[in-house]
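There are 2 protein chains.
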Amino acid sequence: MKAVILLSGGLDSATVLYYAKKKGLKTYCITFQYGQRHKKEVNFAKALAVKTNSDWKLLDISFPWKGSSLIDKNISLPKRKGAGYDIPNTYVPGRNIIFLSYAVSYAEAIGAKTIFIGANQIDYSGYPDCRGSFLQAFSNAIKKGTRAGVKGNTIKIEAPLLDKNKKEIVKLAAKLKVPFKYTWSCYKGAKFPCGECDSCLLREKGFKQAKIKDPTLRNE
Amino acid sequence: MKAVILLSGGLDSATVLYYAKKKGLKTYCITFQYGQRHKKEVNFAKALAVKTNSDWKLLDISFPWKGSSLIDKNISLPKRKGAGYDIPNTYVPGRNIIFLSYAVSYAEAIGAKTIFIGANQIDYSGYPDCRGSFLQAFSNAIKKGTRAGVKGNTIKIEAPLLDKNKKEIVKLAAKLKVPFKYTWSCYKGAKFPCGECDSCLLREKGFKQAKIKDPTLRNE
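Protein chains in written order, with the working numbering: chain A, 1 to 220; chain B, 1 to 220.
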């Protein structure tokens, strides 16, 4: 059984890839370049796909508008303390909607029945397109808007991390033998994670609470 | 008020562009290259955008999978008699889902409140992603999955041609002074429309029933 995996090279999508492999699925990964600040996670995504014998496609979908600090270097990245506040300026308009749309097209073209996404609505940055209510609504749009859907054979979205906190995700990843050193979470692309952006803070919290050492960190 | 227009260069999207202009909206058009067999309609899309003083963006989103005769020259285009049968092989998996996703991102980035699409579920080729039920489901996904949506200011999809037949569309286009010679419907990109593909047949029917001469046809 084929499955399409949205693979960014971050911790969550890597965990989801290993989760799908564990289920015995034939995995077709897609990674997007959409103008993010660095290509570090893209290289890790490729390494993860190779390690899991997955098919891997890199799509360059950079669009000529901005609206987010993640794709516009004129906007400063926020330094804040973890999740739980308003939607930050790292929110990229329509990002997961676009990613999932490509995944739907790919799944339908190759006959995959499932799309896996590392979306999470617990320890996250408040992006609306990571929430279960969105994924449910989008699933319904797939059902109505694809040939597979109207033929009664709709493509499903699976988000196995949706309701896990970061500690649980790190623990699951460890259990699935995700190679942590090939995952990247920091919004910046320096040699070591900055330790200050939302994404670093969430990751740090997860590893700390799971009592596992994060090999991507600077040796101090 | 800003509006994003999905503009292919075909008759329907051209009509929708003129419809939005007539409403006094500031129009931001997006045209996609997604590996279609020819670029003829893309050039017409540009001409229409220029004529209407619209902003125009061309996005190359060719994806490395196929699954449709429209983007795979190894699959023959069907020759059939108009609409009303099963979904033909010109169906491109996820096409309108991808187009609308980009439109959502664009709309949110520039603060547009509406997306216009020339979708039609009467005289059409049976594509599921042209139907009202899909557009409604997708609208709900936008509401749940965007910052604008969760802030109670969701982006709306308008499909003013949805329930019109082709005759009514041609009549509306004529009333709005759409320059028919700058629209292209044929799946092939020859000098003149082939007159045999679904798209040609639907267009021909519309002009005939509206008793208007189609200037794109070969002079015979």
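Wrong hints could be hidden among the right ones.
[To be verified] With the Cβ distance kept under 8 angstroms, some of the chain A side facing chain B (calculated, not the full set):
id: 1; residue: G24
id: 2; residue: W56
id: 3; residue: W65
id: 4; residue: I87
id: 5; residue: P88
id: 6; residue: T90
id: 7; residue: P93
id: 8; residue: N96
id: 9; residue: I97
id: 10; residue: Y102
id: 11; residue: Y106
id: 12; residue: I110
id: 13; residue: A141
id: 14; residue: P215
id: 15; residue: L217
id: 16; residue: R218
[As the list claims (entries may be wrong)] Covered by chain B, according to a simulated footprint, are these stretches of chain A (three or more residues, beta-carbon under 8 angstroms):
id: 17; stretch: 57-63
id: 18; stretch: 125-131
id: 19; stretch: 146-155
For the record, the hints were derived by calculation from the structure and aren't laboratory data.
Glycine residues also receive a C-beta, built at the ideal position from the N, C-alpha and C atoms.
Right, here's what the structure says about each hint:
| no. | hint | result |
| --- | --- | --- |
| 1 | G24 | 23 angstroms, violated |
| 2 | W56 | 11 angstroms, violated |
| 3 | W65 | 4 angstroms, holds |
| 4 | I87 | 5 angstroms, holds |
| 5 | P88 | 10 angstroms, violated |
| 6 | T90 | 12 angstroms, violated |
| 7 | P93 | 4 angstroms, holds |
| 8 | N96 | 7 angstroms, holds |
| 9 | I97 | 4 angstroms, holds |
| 10 | Y102 | 6 angstroms, holds |
| 11 | Y106 | 5 angstroms, holds |
| 12 | I110 | 7 angstroms, holds |
| 13 | A141 | 4 angstroms, holds |
| 14 | P215 | 33 angstroms, violated |
| 15 | L217 | 32 angstroms, violated |
| 16 | R218 | 34 angstroms, violated |
| 17 | 57-63 | holds (count 4) |
| 18 | 125-131 | holds (count 3) |
| 19 | 146-155 | holds (count 4) |
Of the numbered hints stated above, those contradicted by the structure are hints 1, 2, 5, 6, 14, 15, 16, listed in ascending order.
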